[in-house]
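Peer 1: Could you build the full structure based on these sequences and the hints that come with them?
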Amino acid sequence: MKQFLKMAVESLLHRKLRSWLTMIGIFIGITALISIVSLGEGLEVAITEEFSELGNDKLWLAPGTSAFGASASAANLTDRDRKVADSVPGITETVGMTWKNTKIISQDEEEVALVSGYTLDEGANLWDEMFGHMLFSGRWHKSGDTFKAVVGYDYTQNDGIFERGLKLFDKIDIDGQSFKIIGIMEKQGNDQDDQSIYITDDAYSKVFNVRLEDDYKYIVAKTAAGADPNEIAERLKRAIRNDRDLDEGDEDFTIQTTEEIMDSFGTILQIVQVVIAGIAAISLLVGGVGIMNTMYTSVLERTKEIGIMKAIGAKNSDILLLFLIESGMLGLLGGGIGVITGLGVAKATEFFGKNVLGIELLRAYWSWPLILGALAFAFFVGMISGVFPARQASKQQAVDSLRYE
Amino acid sequence: MKQAIIELKNVWKTYEMGDVKVHALRGINLKVHKGEFVAIIGPSGSGKSTAMNQIGCLDIPTKGSVFLSKKNISTLDESDLAQIRGKKIGFIFQKFNLINTLTAKENIMLPMIFQDVPEDKRNKKAEALLKLVDLEERMDHRPNELSGGQQQRVAIARSLANDPEMILADEPTGNLDSKTGSSVLEFLKKLHKEKGTTIVMVTHDKHVAKQADRIETLKDGKIVGAKT
Ligand SMILES: Nc1ncnc2c1ncn2[C@@H]1O[C@H](COP(=O)(O)OP(=O)(O)OP(=O)(O)O)[C@@H](O)[C@H]1O
Ligand SMILES: [Mg+2]
Numbered sequence: 001m002k003q004f005l006k007m008a009v010e011s012l013l014h015r016k017l018r019s020w021l022t023m024i025g026i027f028i029g030i031t032a033l034i035s036i037v038s039l040g041e042g043l044e045v046a047i048t049e050e051f052s053e054l055g056n057d058k059l060w061l062a063p064g065t066s067a068f069g070a071s072a073s074a075a076n077l078t079d080r081d082r083k084v085a086d087s088v089p090g091i092t093e094t095v096g097m098t099w100k101n102t103k104i105i106s107q108d109e110e111e112v113a114l115v116s117g118y119t120l121d122e123g124a125n126l127w128d129e130m131f132g133h134m135l136f137s138g139r140w141h142k143s144g145d146t147f148k149a150v151v152g153y154d155y156t157q158n159d160g161i162f163e164r165g166l167k168l169f170d171k172i173d174i175d176g177q178s179f180k181i182i183g184i185m186e187k188q189g190n191d192q193d194d195q196s197i198y199i200t201d202d203a204y205s206k207v208f209n210v211r212l213e214d215d216y217k218y219i220v221a222k223t224a225a226g227a228d229p230n231e232i233a234e235r236l237k238r239a240i241r242n243d244r245d246l247d248e249g250d251e252d253f254t255i256q257t258t259e260e261i262m263d264s265f266g267t268i269l270q271i272v273q274v275v276i277a278g279i280a281a282i283s284l285l286v287g288g289v290g291i292m293n294t295m296y297t298s299v300l301e302r303t304k305e306i307g308i309m310k311a312i313g314a315k316n317s318d319i320l321l322l323f324l325i326e327s328g329m330l331g332l333l334g335g336g337i338g339v340i341t342g343l344g345v346a347k348a349t350e351f352f353g354k355n356v357l358g359i360e361l362l363r364a365y366w367s368w369p370l371i372l373g374a375l376a377f378a379f380f381v382g383m384i385s386g387v388f389p390a391r392q393a394s395k396q397q398a399v400d401s402l403r404y405e
Numbered sequence: 406m407k408q409a410i411i412e413l414k415n416v417w418k419t420y421e422m423g424d425v426k427v428h429a430l431r432g433i434n435l436k437v438h439k440g441e442f443v444a445i446i447g448p449s450g451s452g453k454s455t456a457m458n459q460i461g462c463l464d465i466p467t468k469g470s471v472f473l474s475k476k477n478i479s480t481l482d483e484s485d486l487a488q489i490r491g492k493k494i495g496f497i498f499q500k501f502n503l504i505n506t507l508t509a510k511e512n513i514m515l516p517m518i519f520q521d522v523p524e525d526k527r528n529k530k531a532e533a534l535l536k537l538v539d540l541e542e543r544m545d546h547r548p549n550e551l552s553g554g555q556q557q558r559v560a561i562a563r564s565l566a567n568d569p570e571m572i573l574a575d576e577p578t579g580n581l582d583s584k585t586g587s588s589v590l591e592f593l594k595k596l597h598k599e600k601g602t603t604i605v606m607v608t609h610d611k612h613v614a615k616q617a618d619r620i621e622t623l624k625d626g627k628i629v630g631a632k633t
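In order, the protein sequence lines correspond to chains A and B. Note that our numbering numbers the first sequence so that position 258 is 258, with each residue one more than the last. Count along the second sequence starting at 1, add 405, and that's the number in our numbering.
By construction, these hints were calculated from the structure, which means they are not laboratory data. Among the hints, a few may not be true.
[What the hints assert, rightly or not] The calculated label-pair distances, taken between Cβ atoms and stated as ranges, are:
(1) Arg18/A with Asp568/B: 34 to 42 Å
(2) Val9/A with Asn549/B: 17 to 25 Å
(3) Asn580/B with Val9/A: 24 to 32 Å
Quick reminder that beta carbons are idealized off the backbone N, C-alpha and C, glycines included.
Peer 2: Written out as structure tokens, the structure reads:
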């Protein structure tokens, strides 16, 4: 057996170029498979982490029928809705927020930034609960803190957003109004968070001359400990529907639990995964057919060799095994290279995501079961592809094969 | 009475090529005894190789029977035949028939692999055989790095790997120049004399044949004469 392995390897090395070419299909298939599984798993882990930090007990109320990107016709989410939410039994606290891109200036440098405003109520700590631990230094707002801002991590970096990074208590000009920086966020790993600026509803209304409480992009509601968020979500839905006099099914707002948001990410991910798995399957199939073709050629070319081996005592089963191992090795080698490049692609995507796109959600994940599974699968594809050629080889008559030139 | 290693009894081999029947062997009777050196001669197409295939259990007769150590092999299946060949018969071919992807040593070990000989024993035996054919220095060379004579010596070593009861050589010198050919022949003779190896050899060359204990002449698939 060990000897057969060696012989298979030697035979493959003898036909290097063809072996390489044959492996391409398997190689591409396994590369696709490994990279997508690696990134998929990594993304799932990252998303789960991200959202579990926000807490599973939160409800996310947004205008429009899709949580991401409100439709134009949707009614605004206002303070009235927030009051309805507050009155729903099982909801202990709410916070409303919105955001806007605007001009900011620091020391004559002008930039455009995403400025978020959130409702700051006396004694409220929902915001703090969700984002308190994300502070790198300083603090979040407390009541009376009107023109104060908490900024994302990127603002503190020299040659980041500004040539000179900002420090705690520095001043920054937002849409013509000067703000004092009282808090700095930890690095979150994505541009959106790391380049955000947070101010209070008060300040937001004054600076932008709008009433924040007339147009929330989100209202986050915290559900009571021990309550089922899904149940409370239904209650909240009913309450707002009644308040707006809407029939069931006509909702122009969306409520999602943290889990549902996670799931919707998961669904997008799954679709992408299915598509790439399809590509992987096709190339593995093509790879398998390629191996079969190569093995048929190889069997034909080695007719004489098969005859010799039979003459010197090889049983049919020996020949069968020899060719099966060889085709399995083709699969395995293709798979091995595929695993390496697959992990490479995943790592490169992670690197690209982190350093170019500023997305830390893309992480290459790997585990031995994943790698060994992929290798075993590649070997298996190779073996299966070799079954018919190997059978043909083993069935050859020794005398006829020996006469073959 | 001497012990017969192989016995062909009224062996016929017929090839059907469409409507035409080619009778390659027409009722051959032949006995090879232990320790004998038999040469088979005859014109081209007379059925020498076909007869060798029967003697070597590479093929079964269309009619008649073949006995190897008194055992009728005409009824055995392919894998059993392979086992018997591997254990009891060593082949030497005109075109050497080494496996090109394997080194000299690996080629010699191959018959032992098919007989499940353990690795250390395989190694030892292969090295001893390489020494016997005077090719120790070449053991890691592949066939295409060896001369014809060297390749044939590797083939001889391979044929001896499982200590066979009989060596079959189909024109072993046919692809060699006369000098290399006669050295290979000398080697076979030495094997026969010193170790008592049974040898059956096909040849075109009457001078070569004269080295044997006995000459069988084939013509049109029949044995037309034996000379001792
Ligand atoms: N597999 C086969 N199919 C058809 N005919 C065959 C086959 N093998 C041998 N023959 C025929 O049988 C006859 C004997 O062939 P064989 O090879 O035994 O001759 P030979 O004596 O070895 O000749 P040479 O000296 O040229 O090697 C020839 O007519 C040959 O064409
Ligand atoms: Mg011949």
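Peer 1: Hint by hint, note whether the structure agrees.
Peer 2: Going down the list of hints, with the structure as the test:
no., hint, verdict
1, Arg18/A with Asp568/B: 34 to 42 Å, "holds (38 Å)"
2, Val9/A with Asn549/B: 17 to 25 Å, "holds (19 Å)"
3, Asn580/B with Val9/A: 24 to 32 Å, "holds (30 Å)"
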